[in-house]
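Participant: Let's have the full structure, built from the sequences with the hints guiding it.
Taken in sequence, the protein lines are chains A and B. FYI, in the numbering used here the residues of the first sequence are 1 to 82. FYI, in the numbering used here the residues of the second sequence are 1 to 499.
You may find that some hints are simply not true.
Covered, in the sense of this in silico footprint (three residues per stretch, anywhere, with C-beta under 8 Å from a C-beta of chain A), are these stretches of chain B [what the hints assert, rightly or not]:
1) 216-230
2) 436-446
3) 458-466
Below, a list of computed lysine to any residue pairs in the SDA-like style, where the Cα atoms sit at most 25 Å apart [to be verified]:
4) B/K381 / A/A79
5) A/K10 / B/A386
6) A/K10 / B/T375
7) B/K381 / A/A74
8) A/K10 / A/A57
9) B/K381 / A/A17
10) B/K381 / A/A13
11) B/K381 / A/S33
12) B/K223 / A/R70
13) B/K223 / A/S33
14) B/K234 / A/A79
15) B/K223 / A/D2
16) B/K381 / A/N64
17) B/K381 / A/L42
18) B/K223 / A/D67
19) A/K10 / B/H383
20) B/K381 / A/F56
21) B/K223 / A/L14
22) B/K381 / A/Q50
23) A/K10 / B/V440
24) B/K223 / A/D62
25) B/K237 / A/A37
26) B/K237 / B/R446
27) A/K10 / B/K234
28) B/K234 / A/Q50
29) B/K381 / A/L14
Hints in this document: simulated from the structure, not taken from any laboratory. C-beta: ideal position from N, C-alpha, C; glycine also.
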Amino acid sequence: MDRAARIREKVRALLAARGDSAPFADADSLVVSGRLASIDLLELVVALEQDFGIDFAERGFDANDFDSVRAIVALLDSARVR
Amino acid sequence: MRLVPALERRPGLVAFVATLRGRLVLLAAFTALLVLARFPWPYHAAAILAATSLLPRRRRLVLTIGVLAWTAVHPVLDRTALLLLVARQEGVAGTLDVFRTHQLVLLATIALLGVVAAVAFRWHRSRLARRPILLLHLACGTLLLWASCAPLAGTARVVAWAFAATLCGYLWYFGYTLLDRHAADRDPVLLQVGTWSPFWAATRAHQVPFAKGAAYWRRIEAKTDSDLAVVQLKAIKLLVWALIMRATLSLFWLLVHGVDDTTVSARIVRKLGSLAGWTLTGLHLPTFAHALAKSIERRPFGSLVCWATLVAYFLERLLTLTFDGGVVIACVRMAGFAALRNTWRPLQARSIADFWNRYFFYFKEMLVDFFFYPTFVRVFKRHTNARIVAATFVAAGFGNMEFHFLRNPQFIVQLGLWRAVAGFQVYAFYTVVLAMGIAVSQIRARRAPRPPPRGFRGRVLTPAAVVLFYCLLSIFDEVGRSHPLSEHFRFLLHLFAIG
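Facilitator: The structure is reproduced here in structure tokens:
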């Protein structure tokens, strides 16, 4: 499974836990649109740390990096992770 | 059924509002609603909104000019009462122009923060700029200590307090500017100033940065005339909704406490009642403050009455916050920013954490941005639940406490620093229990992620249990320093006929 697909899967699970089964595109806003609460991002933070080895304590945390699947993939690209 | 129709989904209306004539009509309607909502200086607000509507490409600059003009004329972060108190204590109330001093210090603080922001942006990768929020909070605490404990006298102490209290007021707004320092599309300092306590904060001195900071503004700003029309129609809808909440509150006060108020909505309620031939006299239920006072006098009301006062108090606060936040976000939207609502269906919350997210969204966001994630990404990296507990305690516990302590510096002036800290025990207890509840709620949600329950349990029992938790907790949601924690506990125990 490629990185974008793994992120999509995580996002889909988070939305499902909030009772949101509507489809989403990679560019769709998730946090700014209110579909995910900022607190939901902690699951994505943990996933990115564990699966991709990102250290947010080192690089800094910015909620805007998590606003869409595309933004998260861009974050992974900028961090040049595995 | 919708109480307020979805205006933004009518293409003809959106097309009309996108025209100059449409904008002016909408602006006039919005101003009339602001007057009904008793917004302070509604015509000044309307002037700023007219400028942002007619000059949408320059709206950020207009808002910066608006912040400076509003601060010069009628400061949102008004510390005049506090400074008068200090001036009286120092015996200079007759000789010092406190209002002018306050205004000068406000403008000087904005200028100083502008310089600090420019430095932080210029050297954002330097060692000092790694933890600017921490430095900012330390500076604020030091200034507060200096104003209250340093051997100052007369005008010098008044000026020290003016700077300390003003910085405390700007702390959270300016914090969002510092969070923006690494952004590739970061706004220049001039536009950041427009986010520091804009005119919409004048409704209530919450000091919570509604609509957060510049980074959020850039993402929610209307880019086209059509976007602007949609977001402004949503502003009208929200303001109408807020006024409905205000009318409900008036009716609630009248029916539950028998208290009449003088707002337009109350007059409408009375008129409708008289047209229907009803005499609205109310239950004359005591207020929560009255019930607590009676408990402190050792002459408490019956426990059923106390339960009723507590539930009424909880609902009143909910309606008040929905109204206040609705007015503020309506103004934000009218200025061209598609901000989310502040309060959104809190009575449908399915967990303690969910309620916290729905009740006062921008306060929660502020604590998440400044405390939760900075802690979460740094501690207990191998133990996710421990990270959640630590980050939640730092945010909903410590951050919440710090915000409320700094928001009310008059207690330090009245009681002295140490008594003001000691007297904060009631709210400190509140934040600890709140943090514990939210942390447990989040861990439970992680352990068993599943779709929200349906049926009677999901729609009624679970939300009712959440409301009960917050209802009981509201006994301790008290930032005043009048009564010790034990008196609040006495009230709690009395509800269960204990003691």
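Participant: Look at each hint and say if it fits the structure.
Facilitator: Evaluation of the provided hints:
Only residues whose beta carbon comes within less than 8 Å of a beta carbon in chain A count, and the segment 216-230 of chain B has 3; three or more means the coverage holds. Given a C-beta distance limit of less than 8 Å, the hint that chain A covers the segment 436-446 of chain B holds, as 3 residues qualify and 3 suffice. Using a Cβ-Cβ cut-off of 8 Å, 0 residues of the segment 458-466 of chain B lie near chain A, which falls short of the minimum of three, so the contact claim is violated. This hinted pair checks out: B/K381 and A/A79 have alpha carbons roughly 19 Å apart, not beyond 25 Å.
In summary, the hint linking A/K10 to B/A386 is supported, as the alpha carbons are separated by about 22 Å, within the 25 Å threshold. Distance restraint check for A/K10 and B/T375: the Cα-Cα separation of roughly 23 Å lies within the 25 Å cut-off, and the hinted pair is therefore satisfied. Our distance criterion of 25 Å between C-alpha atoms is met by B/K381 and A/A74, whose separation comes to about 23 Å. Among the hinted pairs, A/K10 with A/A57 is consistent with the structure: their alpha-carbon atoms are about 22 Å apart, no more than 25 Å.
Only pairs whose Cα atoms come within 25 Å are accepted, and B/K381 paired with A/A17 is accepted, the gap being roughly 24 Å. Restraint check for B/K381 and A/A13: satisfied, since their Cα atoms lie roughly 22 Å apart, inside the 25 Å limit. A threshold of 25 Å between alpha carbons decides the hint, and for B/K381 with A/S33 the separation of about 29 Å lies outside it, so the pair is violated. Proposed proximity of B/K223 and A/R70 is supported: the alpha carbons are some 21 Å apart, at most 25 Å.
For the given pair, B/K223 sits about 16 Å from A/S33 by alpha-carbon distance, which is consistent with the 25 Å threshold. Between B/K234 and A/A79 the alpha-carbon distance is near 39 Å, which puts this suggested pair outside the 25 Å criterion. For the hint pairing B/K223 with A/D2, the CA-to-CA distance comes to about 33 Å; that exceeds 25 Å, so the pair is violated. Proposed proximity of B/K381 and A/N64 is supported: the alpha carbons are some 22 Å apart, at most 25 Å.
Restraint check for B/K381 and A/L42: the C-alpha separation of about 12 Å stays at or below 25 Å, so the hint holds. Restraint check for B/K223 and A/D67: satisfied, since their Cα atoms lie roughly 18 Å apart, inside the 25 Å limit. Taking the CA atoms of A/K10 and B/H383, the gap is about 20 Å. The hint holds against a cut of 25 Å. Proximity of B/K381 to A/F56 is assessed by CA-CA distance (about 11 Å); at most 25 Å being required, the pair is judged to hold.
Taken as a hint, the B/K223 and A/L14 pair is broken in the structure, with Cα atoms around 29 Å apart against an allowance of 25 Å. With a C-alpha separation of about 10 Å, the suggested pairing of B/K381 with A/Q50 holds against the 25 Å cut-off. For the suggested pair A/K10 and B/V440, the alpha carbons sit about 22 Å apart, so the restraint of at most 25 Å is met. Between B/K223 and A/D62 the CA atoms are separated by roughly 23 Å; this keeps the pair inside 25 Å, and the hint holds.
The hinted pair formed by B/K237 and A/A37 meets the criterion: a straight-line CA distance of about 23 Å does not exceed 25 Å. Restraint check: the Cα-Cα separation between B/K237 and B/R446 comes to about 36 Å, which exceeds 25 Å; the hinted pair is violated. With a C-alpha separation of about 32 Å, the suggested pairing of A/K10 with B/K234 is violated against the 25 Å cut-off. With a C-alpha separation of about 41 Å, the suggested pairing of B/K234 with A/Q50 is violated against the 25 Å cut-off.
With a C-alpha separation of about 21 Å, the suggested pair B/K381 and A/L14 falls inside the 25 Å cut-off, and the hint holds.
The structure is inconsistent with the numbered hints 3, 11, 14, 15, 21, 26, 27 and 28, although it conforms to all the rest.
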